[in-house]
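Chains A and B, in that order, give the protein sequences.
For the first sequence, the UniProt record's numbering assigns the number 1 to the initial residue and increments by one for each residue that follows.
For the second sequence, the UniProt record's numbering assigns the number 1 to the initial residue and increments by one for each residue that follows.
Just so you know, these hints were derived from the structure itself, not from any lab.
Since the model is a prediction, treat every value here as computed from it, not as a measurement.
Check the hints yourself; a few may be wrong.
Ranges between beta-carbon positions, derived for each pair [unchecked claim]: (1) B/ARG362 / A/ARG79: 13 to 23 Å; (2) A/ASP227 / B/TYR394: 18 to 28 Å; (3) B/GLN395 / A/LEU78: 52 to 62 Å; (4) B/ARG362 / A/LYS52: 41 to 51 Å.
Covered stretches of chain A, going by a simulated chain B footprint (3 or more residues, C-beta under 8 Å) [stated by the list, open to error]: (5) 17 to 30; (6) 124 to 134; (7) 168 to 179; (8) 298 to 307.
No residue lacks a Cβ here, since even glycine has one placed at the ideal position from N, Cα and C.
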Amino acid sequence: MAETVTSKNMALAKAINESLRRALDADPKVVVMGEDVGKLGGVFRVTDGLQKDFGESRVIDTPLAESGIVGTAIGLALRGYRPVVEIQFDGFVFPAYDQIVTQLAKMHARSLGKVKLPVVVRIPYGGGIGAVEHHSESPESLFAHVAGLKIVSPSNASDAYWMMQQAVQSDDPVIFFEPKRRYWDKGEVDTEAIPGPLHTARVVREGTDLTLAAYGPMVKLCREVADAAAEEGRSLEVLDLRSVSPIDFDSIQASVERTRRLVVVHEAPVFFGSGAEIAARITERCFYHLEAPVLRVGGYHAPYPPARLEESYLPDLDRVLDAVDRSLAY
Amino acid sequence: MTVESTAARTPRRSAGTKAGTTGTKRTTSTTKKATAARKNTGKSTEPALVQLLTPEGKRVKNAEFDPYVDGITAEELRGLYRDMVLTRRFDAEATSLQRQGELGLWASLLGQEAAQIGSGRALRDDDYVFPTYREHGVAWCRGVDPTNLLGMFRGVNNGGWDPNGNNFHLYTIVIGSQTLHATGYAMGITKDGADSAVIAYFGDGASSQGDVAEAFTFSAVYNAPVVFFCQNNQWAISEPTEKQSRVPLYQRAQGFGFPGVRVDGNDVLANLAVTKWALERARAGEGPTLVEAFTYRMGAHTTSDDPTRYRGDEERLAWEAKDPILRLRRYLEASNHADEGFFAELEAESEALGKRVREAVRAMPDPDHFAIFENVYADGHALVDEERAQFAAYQASFADEDGGK
């Protein structure tokens, strides 16, 4: 008798779509909200077909108002719903920033734990798609600085599927950063086997000479860097952090204690970025293991540039290799 | 014949009126009349639509707004027609340049020419415009070179013109933000004692944004000389206006304490008249006005959008019958205000504009990569200097490798 095939090859965007479908199916309290998420299926088609199958009361085309989307999601959550809201692009989240920071993040604490807000805020983020202004930013640090929010970013289809399942089930608000330049990257998704907890890092390539830590869109780049470095006889370990708040420092520490070198890569600006927090913590934890200072590769302290300049702004193979060289030179 | 919309312009900042006039209110009889007339329109469920030219090109009388276009000459009418035709031609060229890969994106104004040219031509040089990212026709009226609009869509800059050069602010992509900037600018005009006015463009989708509601509140409280010009093109990407409001948008103004009026957005004369009226109110110290130009986005939201997923052809065909250019052409022909020679000459001019835009875009160089670090701060910043130096050293390391080969 043939085994049940539970693994499917699908694009990252499709994996989120399938995961939302499963969540809507499993729990009548789950609702999907956002601009153009219904009839159109989202500008990236992440919610394609959901309104058709679950109806307009569960997959809701909202007015064009981000503060309204998050604010009403909070109200729905207070009433027992589990809203998954979409912010259409990274640069459009800021009208909702007030609701997210002053309300969504703090209500659990203010109610002495009585109120839970299981809200997922989906944000397609990052650059590399040649877009116009406000469509390529990586604002995760602006949210990671706020206690009460959990922040994750999948790098592949399987994680996109399962991390969305876990985010929807989380009783804490989760900001779910989707690497839009990887939406079309395909991968195997096993819809029966949970790959692990939501906030743990994963070694995606073992190595001995240096650890590259990344999340979301930069994991693929770091794998490519490790391939290129291997040709030069260097063995790089690649760590997919998966979660930006909390950060799995134990896994980073374990890796760095083996490799003794760490380079953190993200698209977000280096200045006050998540790499700064990682560098500080790992320096505290691994001071006697480190052979070199923790180096960071990321965006500059400048507004995200116009599309024709983004290749110079974003970390690429050469810039990460350059940091690897500098680390190994110590 | 030049393809430019306007000749070189004088500086736009109003010198202001004499000290001591701040806050004084002047009214004109026309203004009073029009304001009073608006009060009678709120009852009907089918909103009144100010229309001076029917889709068939017939001039219809309108006691309130005729005075604002009564003196219009045949030459001025031909000018409005020319503006709309050239704007549409530029827009079509930009769409095809996107298809050819020369632009990353384009937001077409197809169908909204009358709303933009009518309102744009109602402005004085010292007035100030706050556009969305689709006001190519208004930019044309302000004398912004059309090729300047294409830089941000090509990805070589995030703006590309000096807002104060033509009193035309940079395009704003984040929906609705500019309505507050317009209000603040208008508050400044009042403080200066000037009689300039501000016009803020936005769309039906933006009407849901908190910023727009706050702009309405501030402008009303401070009696700011601003005209909120909402082009209701019926669609916010895939969402029809019913997803944004259950009352006609112009009626929103009433609750904030200023008048709102709905105008046929495809009638250039009506847009000219209504905007002049609203600007006159602003100049007279009567505060903000909301104009809802009822029009239609005949194309996609942007070149990234596929409207076949959410709307049918019938709707577009119905609106094509109300085309803004067609109706003015019918009027010009029927009233003998333009002859064949005019239309032929305009067609040639239109082709020349298309060619010029095409060539200018193809010749547009990529910016120097060090531009990333330019103009981040007005007074400089140590970290930016440090990162620029690191970037330079990094770039130079490739040159060394190349040189060594």
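These are the hints, each one checked on the structure:
no.	hint	in the structure
1	B/ARG362 / A/ARG79: 13 to 23 Å	violated (56 Å)
2	A/ASP227 / B/TYR394: 18 to 28 Å	holds (22 Å)
3	B/GLN395 / A/LEU78: 52 to 62 Å	holds (53 Å)
4	B/ARG362 / A/LYS52: 41 to 51 Å	holds (43 Å)
5	17 to 30	violated (count 0)
6	124 to 134	holds (count 5)
7	168 to 179	violated (count 0)
8	298 to 307	holds (count 7)
In summary, the numbered hints that this structure violates are 1, 5 and 7.
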